[in-house]
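Peer 1: Listed here are the chains, written in short residue letters.
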Amino acid sequence: MSTTTTNEIENTVIESLKTFGAKAEDITRDATWEAIDVDSLDLAELAQVVEDEHGVKMEGDDMKHIKTVGDAIDFITEKKAA
Amino acid sequence: MPRRELPDVVVTGIGAVTPLGVGASTLHDRWTAGASAFRDGEAPCADFEPTDHLSMKEARRADRFTQFGVVASDEALRSAGWADELPYDPFRIGCVLGTGIGGIGTLEGNHDKLRDKGARDVSPLAIPLMMSNAGSAALSLRHGLKGPIFSVVSACAAGGHAIGTAMRAIQCGDAQAVVTGGSEAALTPLSRASFASMSALSPTGVSRPFDNRRDGFVMGEGAAVLVLEDGESARARGATILATVRGYGATGDAHHLTAPDSEGAGGARAMMLAMADAGLTAADIDYVNAHGTSTQLNDRAETAALKIALGDYARKIPVSSTKSAIGHLLGAAGAVEAVATVQALRDRISPPTLGYDEPEDGMDLDYVPNFAQPMTTASDERAVALSNSFGFGGHNVTLCLETA
Numbered sequence: 001m002s003t004t005t006t007n008e009i010e011n012t013v014i015e016s017l018k019t020f021g022a023k024a025e026d027i028t029r030d031a032t033w034e035a036i037d038v039d040s041l042d043l044a045e046l047a048q049v050v051e052d053e054h055g056v057k058m059e060g061d062d063m064k065h066i067k068t069v070g071d072a073i074d075f076i077t078e079k080k081a082a
Numbered sequence: 083m084p085r086r087e088l089p090d091v092v093v094t095g096i097g098a099v100t101p102l103g104v105g106a107s108t109l110h111d112r113w114t115a116g117a118s119a120f121r122d123g124e125a126p127c128a129d130f131e132p133t134d135h136l137s138m139k140e141a142r143r144a145d146r147f148t149q150f151g152v153v154a155s156d157e158a159l160r161s162a163g164w165a166d167e168l169p170y171d172p173f174r175i176g177c178v179l180g181t182g183i184g185g186i187g188t189l190e191g192n193h194d195k196l197r198d199k200g201a202r203d204v205s206p207l208a209i210p211l212m213m214s215n216a217g218s219a220a221l222s223l224r225h226g227l228k229g230p231i232f233s234v235v236s237a238c239a240a241g242g243h244a245i246g247t248a249m250r251a252i253q254c255g256d257a258q259a260v261v262t263g264g265s266e267a268a269l270t271p272l273s274r275a276s277f278a279s280m281s282a283l284s285p286t287g288v289s290r291p292f293d294n295r296r297d298g299f300v301m302g303e304g305a306a307v308l309v310l311e312d313g314e315s316a317r318a319r320g321a322t323i324l325a326t327v328r329g330y331g332a333t334g335d336a337h338h339l340t341a342p343d344s345e346g347a348g349g350a351r352a353m354m355l356a357m358a359d360a361g362l363t364a365a366d367i368d369y370v371n372a373h374g375t376s377t378q379l380n381d382r383a384e385t386a387a388l389k390i391a392l393g394d395y396a397r398k399i400p401v402s403s404t405k406s407a408i409g410h411l412l413g414a415a416g417a418v419e420a421v422a423t424v425q426a427l428r429d430r431i432s433p434p435t436l437g438y439d440e441p442e443d444g445m446d447l448d449y450v451p452n453f454a455q456p457m458t459t460a461s462d463e464r465a466v467a468l469s470n471s472f473g474f475g476g477h478n479v480t481l482c483l484e485t486a
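Protein sequence lines, in the order shown, are assigned to chains B and A.
Going by our numbering, the first residue of the first sequence is number 1, and it counts up by one from there.
Going by our numbering, the first residue of the second sequence is number 83, and it counts up by one from there.
Isolated chain A, as found in the complex (with noise of 0.2 angstroms):
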């Protein structure tokens, strides 16, 4: 059934807060510069202090996963020109934030009230804290945003399907505009133990995804935040349109509880349905932002995945992983990586794989080794990248992003 024409969805503004730092031009430049944010096999936001951008009450108010989210809400805002005023009626912007978990420290610090001094004990914040819809909830109360307002949580996939989802909520006419994104903030001992106790983890605390050495991911916090807008009412309103969300996949490997499909079959579909959507090929892109998570399993097959969709232009088009710098940060993956593709696409240049040195046999791709490289395109007028985000439980999502 051929698709019918839909709205053109375009990004107005963006917003991080990552291990390198508060900001998207600072993840951009640093990540480019092959700065990388490690310390003791983790990757923290370690800079980041709630009360520097958030009153006491609104801080209090907030679990670590939902303060990312607030403060790259903030600068995403800005950056689309909505600091001062939404440019549309309320009721027709929404809200789709992902996350891995949600406010798991909150849910760890209470667990911990309850089991040393009681119910009584356990705060009235507890839940709202939390939940995992907590994020979008605090954007729409900050934002007044009063459209469709909710999370989404699909693990590892969960920032790439949030984009997905207000992109089509936007083609739908569910909303003119749509703050999306993801956050995450799971650094605490139970999230940790649980990881490692399934050697997801690195046990040498290295990211270094498609290398032949990886031996897990290191985990990351963070968010990141995209103003998605629907390109006609962007452009009307003279807004500078940082790029086009072109495409959006989504698929399950309907394999296991955890461990990808090593054929790559439900990612390379991922890619495919995206590249459809965005009624381009193979032969029109330019960059792949991998998923790349430095484990054995997901490496492989992404490579596998890679080959299948984009066929003879896999060994051509550059390909490199965001977790190199920043390691993995699970729900906000997809949305930290989409704005850094959106930045990479805007300077033509592919960021590096860092610490890649020594290849695995069959996984023959242009990782962009350690050093980042001039993006060469296909067309002048344009760069376009797939970004790639897969989920524990077999969650494929692809984003087919494009700047002038």
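The shape of chain B in the complex, shown without the other chains (with noise of 0.2 angstroms):
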């Protein structure tokens, strides 16, 4: 996996975030849901957005272990590299 892709699945998750109303200096890798305030319905539409960019489905026993804002990232990356 080139650094250009990680970069860009960064991008995805983070500016996904921005958009429903996460604060841009909150948006850290160690970041939790719960810190940040992003509920199962955000997650639902990051899993939309992150598909049709990166053609990588994220779904319900996924999301699962996904409870930090890198815990995604590293999920979408591994997943993308398979």
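Calculated directly from the structure, the hints in this document are not laboratory data.
Beta carbons are placed, not taken as given, at the ideal position from N, Cα and C, and that holds for glycine.
Take these hints with a grain of salt, some might be off.
Okay, derived cross-link-like pairs now, SDA-like style, lysine to any residue, Cα gap no bigger than 25 angstroms in a straight line [what the hints assert, rightly or not]:
hint: 1; chain 1: B; residue 1: 67; chain 2: B; residue 2: 37
hint: 2; chain 1: B; residue 1: 67; chain 2: A; residue 2: 206
hint: 3; chain 1: B; residue 1: 67; chain 2: B; residue 2: 56
hint: 4; chain 1: B; residue 1: 67; chain 2: A; residue 2: 139
One side of the interface only, derived from the structure: several residues of chain A facing chain B at Cβ under 7 angstroms [stated by the list, open to error]:
hint: 5; residue: 138
hint: 6; residue: 139
hint: 7; residue: 206
A few chain A positions that, by computed beta-carbon distances, are all more than 12 angstroms from chain B [what the hints assert, rightly or not]:
hint: 8; residue: 194
hint: 9; residue: 334
hint: 10; residue: 361
hint: 11; residue: 453
hint: 12; residue: 474
Could you fit the two chains together into a complex? Lean on the hints.
Peer 2: In structure tokens, the structure reads:
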């Protein structure tokens, strides 16, 4: 997986979260969904954007283990590389 | 059967977002001054910017009709003195909001996505934004209201039904207070085309209720919210009482899917029920805020209904239509007009029916043409009004409102 791709994925996630209303300065790799007020509806929207831009599906069971911004970026990066 | 004695229900807060601007007093001041808000055959809330009032997250989690409702509710709760803290157990505070259509803008936008890009592009927010109960749900969330929370849907009578239902919830003891009103945002392509294809909209884009030249309604958008409280509880907490909801009457025409009964029987009965509920008669009524849509059928039928309900007093009581200034706000209309009526009664002023110049034969009431008039009251102690809301489907609602 190239750095460019990882950056693109990070960019997708961060820009989506900003659209949902999270503050840019609060969006760090360690930030939990609760900390940046991201809920299940936001995650459903994020999954749509990610599938659209990167062709990676984030579905029910996957979501259970994704609890931080970093978890999401890593999950998408790994799935895209697979 | 004699009615049992019911608790009085008072209005302690009002708020509005209308085509005349944000704020209940903006509506009252501008309408009574003769301002109207039409542009290109519609009455949009053109200056309303959601993020002036809501965070980005709140704004995108709400269809425009809900945004209007939330902003109106913020004002209403502030005016009731509820801004910092709810005065009662949250489980004893309800929310009943009316809408004609709900989130039709959201529905249309997502239908476009479905058609153009397929099912996977439809937003997970589509349902929670478009559902007709989104307004009451949003107010419950925003203000922590945990009593009976629901929306009522009865086309253009929904705002009136919501307030009447809220009043009853308090009288029956289901809640100590209810945040109520109505909201609508239906200036959308499908809604425009649908109303136009049934010839309900004015082809000239002019709202002139009761005038001989009227040719249909002009669609507006917006919301109004009222805080209703059990009178005893409100007085105990030292609240400022803006008005009393004295009576509520609701009937159905059982006549036609969209046309009102031309004899006005159902509308008349709603008015008579509201007066009886208030323990008042036509002699006590100082003003009528008419449904007055500017359609041929409504205005004629409503005039007939007023003559039945008010008898000899019909020609003496000023009757005017808020829709002459802001158009028809559909499911928000009854609530916006209640908020306008409360302020008109408070200031003892009958707001005008704008654009009224040419009488129609047989429509000979005092429609308060073009200029507000001082309101003469039957009693020195109070001013009393009826506010009518009628809807497609034959829904008729009358509220009887009183101010000191």
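Peer 1: Now, for every hint given, state plainly whether the structure supports it.
Peer 2: Hints versus structure:
1. With a C-alpha separation of about 12 angstroms, the suggested pair residue 67 of chain B and residue 37 of chain B falls inside the 25 angstroms cut-off, and the hint holds.
2. For the suggested pair residue 67 of chain B and residue 206 of chain A, the alpha carbons sit about 20 angstroms apart, so the restraint of at most 25 angstroms is met.
3. Our distance criterion of 25 angstroms between C-alpha atoms is met by residue 67 of chain B and residue 56 of chain B, whose separation comes to about 18 angstroms.
4. Between residue 67 of chain B and residue 139 of chain A the alpha-carbon distance is near 20 angstroms, which keeps this suggested pair within the 25 angstroms criterion.
5. The interface hint given for residue 138 of chain A is met, as the beta carbon of that residue sits about 4 angstroms from the closest beta carbon of chain B, less than 7 angstroms.
6. Hint on residue 139 of chain A holds. Least Cβ distance to chain B is approximately 3 angstroms, under the 7 angstroms limit.
7. Hint status for residue 206 of chain A relative to chain B: holds, with the closest Cβ pair at about 4 angstroms, below 7 angstroms.
8. Taking the minimum C-beta to C-beta distance to chain B, about 16 angstroms, the non-interface status of residue 194 of chain A holds against the 12 angstroms cut.
9. At roughly 38 angstroms, the least C-beta separation between residue 334 of chain A and chain B is larger than 12 angstroms, which holds for a residue marked as non-interface.
10. With a cut of 12 angstroms on Cβ distances, residue 361 of chain A stays outside the contact zone with chain B, its closest approach being about 49 angstroms.
11. Against chain B, the non-interface label of residue 453 of chain A holds: every CB pair exceeds 12 angstroms, the least being about 47 angstroms.
12. At roughly 33 angstroms from the closest C-beta of chain B, the C-beta of residue 474 of chain A stays outside 12 angstroms, upholding its exclusion from the interface.
Hint compliance for this structure: no hint is broken.
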